[in-house]
Amino acid sequence: MTAGAAAVRDTVLDRLPRGPRAVAWLGVLFGMLAFFVALPPVAARSPIWPILFGLLGVAAGIWAVTRGVGRLAWGAIVLGVVGIGLGYLATLSGEAKLDSVVVWSALFAAMLRYATPLTFAAIGGMFSERAGVVNIGLEGMMLMGAFFAILAADKLDSWPLGLTAALAAGGLTALIHAFVSISLRADQIVSGTAINFLALGVTGYFFIDVYGDQGTPGGGIPRVPAVNLDFLGSIPGFGSFLEDVFGHLNLMIWLSFALLVVSYIVMFKSPIGLRLRAVGEHPRAADTVGISVYTTRYVAVVISGMLAALGGAYLSIGFLGSFNEGMTAGRGFIALAALIFGNWRPLGTFGAALLFGFSSALAQRLPEYSTSGAVLFAALPYVLTLIAVAGVIGRSIPPAAVGRPYVKQ
Amino acid sequence: MSATPPEEQIPQQPTGGDYAPSTAARMAFYQRAGGVLTPVITTIFAFFIGGIVVAATGHNPISTYKGIFEGTGLNWFFPWVSGAARVNAEFNLQQTLLVTTPLILTGLAVAFAFRCGMFNIGGQGQYTLGAITAVWVGTTWAGMPGIPHAFLAIVFAMLAGALWAGIAGILKATVGAHEVITTIMLNWIAYWVGTYLFGLDGPLQNDANKSVPISNDVFDDVKLPVWWGNAELQGLHIGFFIALAALVAYWFILNRTTLGYEVRAVGYSPESARYAGINVARNYFLAMAIAGGFAGLGGALDILGWQYRLGSLDIQTSQIGFIGIAVALLGRNTAIGVGLSALLFGALLYGTSTRSLDPEVFPPELAGNLTLMIQALVLLFIGADVLVIYIWNLRRKLRRRAATTAEAPV
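Here the protein sequences line up with chains A and B, keeping their order.
Position one of the first sequence corresponds to residue 11 (our numbering), numbered consecutively onward.
Position one of the second sequence corresponds to residue 866 (our numbering), numbered consecutively onward.
Do not take every clue at face value.
Just a sample of chain B residues kept apart from chain A, beta carbon distances all over 10 Å, derived [to be verified]:
id : residue
1  : 1005
2  : 1006
3  : 1017
4  : 1024
5  : 1074
6  : 1094
7  : 1129
8  : 1147
9  : 1208
10 : 1262
Below, in silico cross-link-like pairs of lysine-lysine (DSS-like), each with a Cα-Cα straight-line distance of 30 Å or less [what the hints assert, rightly or not]:
id : chain 1 : residue 1 : chain 2 : residue 2
11 : A       : 279       : A       : 107
12 : B       : 1088      : B       : 1075
13 : A       : 418       : B       : 1262
14 : A       : 107       : B       : 1075
Since the hints were derived computationally from the structure, they do not count as laboratory data.
Model, not experiment: these values are computed from the prediction.
Heads up, the beta-carbon is just placed ideally off N, CA and C, and yes, glycines get one too.
Whole structure, please, built from the sequences with the hints as guidance.
Okay, structure coming up:
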C-alpha cells in the first residue's frame, strides 16, 4: 500500500518540470504576475511593479530558450512583454474604472460560459482530425445543433429531447461529411465548406418556415437548467468567490468538464484512442494490423458532429434561450483555432478554449474604455492561432494523415 | 507540452501508395474525366434536391424555379419577351451581372491558388481588405482628379488583397503552415478589423451620423461609370468588363507565361517542380498574392461600381468570397468555366433576393436559404471523385459498346 503510494508519488514527481523547463514555467508565471499586480485586488499604482515582473519573466524565458526549451520559453518571453504593456496600461487607468471592469469572479464565470461551446466543438474536432479527417464544418454542425435543439425543446417541451435532437442533427450532418470525404473521397476542405453552407441554408430555411418573421418565442422554451451549489458560499475564505464562479453554472458547463476528462482518457489511455490516432497518423499501417480505417473514421467524424452540435445546443437552449440565423457567428472557427492552438490535445485545447473564452469575457467589459477597441479585441483568438501555426512560438503540428482520403487496397 | 519535432520528421507523403494526389493533379483528372458533363450533372442534381425541399415544405418547385429564373433577368435573351416584361428583364439582368462581377474575381482567387496546389478559402478576407482599401482611398485625397484616383483605389485594393493572401503564401512557403488554416484565420481577422474600422467610434466611420456604423461615401468622380441602365437605379458599371479582362488575364498568365507554367508545375507536384529547378516557395507566395489581387479587385469594383460605401454589417453578411469557392470548383478552375459558374451563382443570388423574387410565388427569405443549400450541394457533389470516376467509366463503357456494335455488321 505504502509502496504503491510511493510509486504514484514518484511518477507525479517525475512529471514535474525540472531544470530549464521549470525556469520557463517560472517565466510564464512572472509574465502573468506583471499584469496581475496592476489589477485589483493588488492594484499597484506604480508602473515599476509590472515592469519588474515582466522583465523577470522575459529574462527567465531567454535563459530557458538558450537551453533548448522551445514553445514554453518563447511563451514566457511573449507573456512578459505583453504583461509589461497591459500592466502599464492598467496603472494608467482610473482606479474606480478598473474596479468596475475587473471583477474576477464575474470574469471567470463569463469565461466559462464563453468557453463551453468552444470546448464541445473543439474536442469534437479533435476526434475527427485525430482520425485523419479535417473538419472545418464544425461551424455548420454547431449551427445544426443550435437550431434543432431549440426546435425540439420548443415543440416537444423538454430540454433533454432538445439535446437529443441536437445530437441527432449534428450526427447526421457529420455523416454527410463522412460519407462524402471518406467513401466518396472528396476533398475534405470542400466537403467541410459545403457543410457550413448547407447548415446555414437548412437552419435558415426551416427557421423561417417554422417561426416566420417572429423569431423563436421569447419565453416558455425549456432550457438546460443551471446547477446551484449554494453550499460553496459557506466555505470560509474563498467561499463567496467560489460561489460566484461555480455556484450557478449551467449543467452543460459541468458536462464540458466531464467531456474533457473522458476524452483525455479515451484518446490517450484506451485502445480505442490508440486505434483512432493510428488511423490518423498512418492509415496504411493501421489497416495492416486489422483496424478498419473507414469504420474508425466514420465513428470519429460522427462523434465530432455530435459534440459540436452539443456546443451549438448550449448556445441556443443553454445560454440564450433563443435562436437566430447564423447565430454561431464564427464560434466553430474559433473552436478550430482552439484545437490548433492546443496542438490537437484535450488539455491544450481546453486551455485554448478558456483563453479565448476569457478574451471574450474581457471584450464584453472593455467598452468601458473604448467601444471600437473592444470590437478589435474579438480578433485576438485568430491572431494568436496565426502566430501559433506560423511557428514563432513553437509549432502546431497536425496528425500526419489529416486531410488525405484513404483507399483500401 | 513536448518539444516539437524538427520538420524533416514530418512525413510529407506517407509511403505505401496512399491515395494522396495533389489538388491540381486531381483537378486535371476531373478535367479529363468529366469535361463539362459532370459540372452540368452536378448542378442539375443540386437543383433537383433543392426542388424536393421546396416541395416537401408545401410549395410548388416548378413555379418557384420559374419565378427565380424570371427574377434573374436571363429571359432577356429570349427574343419573344417584349414590352414591360422586357424592360423588367433588362433591369434584372443588369443586377445579376452586377453580382456576377465580384463572383468572377473571387472565383479566380480560388482557382489561381488551386492551380498552384493550394486551397485559398481566404477569398472572403481578401475581398474585404480590397473593399476596405477602396473605401479608404476613395474617401481621402479630395482634390485628386477622378480617373487617376479611381485607378489608384483599384491598384491599392489589389495590393491589399495580395498582401493579405501573401501572408498565407509566405507562411506556407517558409514554415509550411497549411494555407487553409491561415486563410481561415485571416478571414476572421479581416472580418473584425472591418467591423472595427467602420463601427461606432471607428477610424473610418462616417462624419455625418456617428450612431451608424457605415463609412463616408466615396467621391462622385471616383465612382465607375454606368454603361448599361440608369445610373440612378444602380445600372451596370464598367467594372464588369474589368472582371471579364481578369478572366482573360487569368488564362494568359497560366497558359502563356513562365510564371503560369511554374505555378502549374508546382500545382501538379511540388517535388518534381523542385527537382526541375523551380523555386517552389517563391511560387507559393506569388500564386497566393495574385489570387489575393483578384479578390481585392473584386472588393474594389463593388465599392466603386455600386456600393460606394461600406458598413460593419456589409462586411459581416457578405458571402461573395465564400461563394467564390463554389464558383471555382464548379468552373473546374478554367477561365470560361469560372465565368459561366459566376453567372450561374450571380443569377441565383439575385434571382432569390427580396428585390427580385415575387413573394406570391415563393417567400424570398426562404429562397435565399435555398440558394445556400443548392450551393452546398454543388460543392458536396463536385468534389466527389468516385462519382466522377463512375461517370467516366460509364462513358468509356458506352463508347466501347458503341464501337463494338458499329463493328458487328462487318
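Hints, verified against the model:
For residue 1005(B), the requirement that its beta carbon stay farther than 10 Å from each beta carbon of chain A is met, with the minimum near 19 Å. Residue 1006(B), annotated as away from the interface, keeps every beta carbon of chain A farther than 10 Å; the closest lies near 24 Å. Non-interface call for residue 1017(B) relative to chain A: holds, since the shortest CB-CB distance, roughly 27 Å, exceeds 10 Å. Listed as outside the interface, residue 1024(B) is consistent with that label: its C-beta sits roughly 20 Å from the nearest C-beta of chain A, beyond the 10 Å cut-off.
Every beta carbon of chain A lies more than 10 Å from that of residue 1074(B), the smallest distance being close to 15 Å; the non-interface claim holds. No Cβ of chain A comes within 10 Å of the Cβ of residue 1094(B); the nearest lies about 31 Å off, and the non-interface call holds. At roughly 18 Å, the least C-beta separation between residue 1129(B) and chain A is larger than 10 Å, which holds for a residue marked as non-interface. Every CB of chain A lies more than 10 Å from the CB of residue 1147(B), the least distance being 19 Å, so the non-interface label holds.
The non-interface label for residue 1208(B) is consistent with chain A: the shortest C-beta to C-beta separation is roughly 19 Å, beyond 10 Å. With a cut of 10 Å on Cβ distances, residue 1262(B) stays outside the contact zone with chain A, its closest approach being about 20 Å. For the hint linking residue 279(A) to residue 107(A), the alpha-carbon distance of about 48 Å lies beyond 30 Å, and the restraint is violated. Restraint check for residue 1088(B) and residue 1075(B): the C-alpha separation of about 24 Å stays at or below 30 Å, so the hint holds.
Restraint check for residue 418(A) and residue 1262(B): satisfied, since their Cα atoms lie roughly 24 Å apart, inside the 30 Å limit. Pair hint residue 107(A) plus residue 1075(B) holds up; C-alpha atoms about 25 Å apart against a cutoff of 30 Å.
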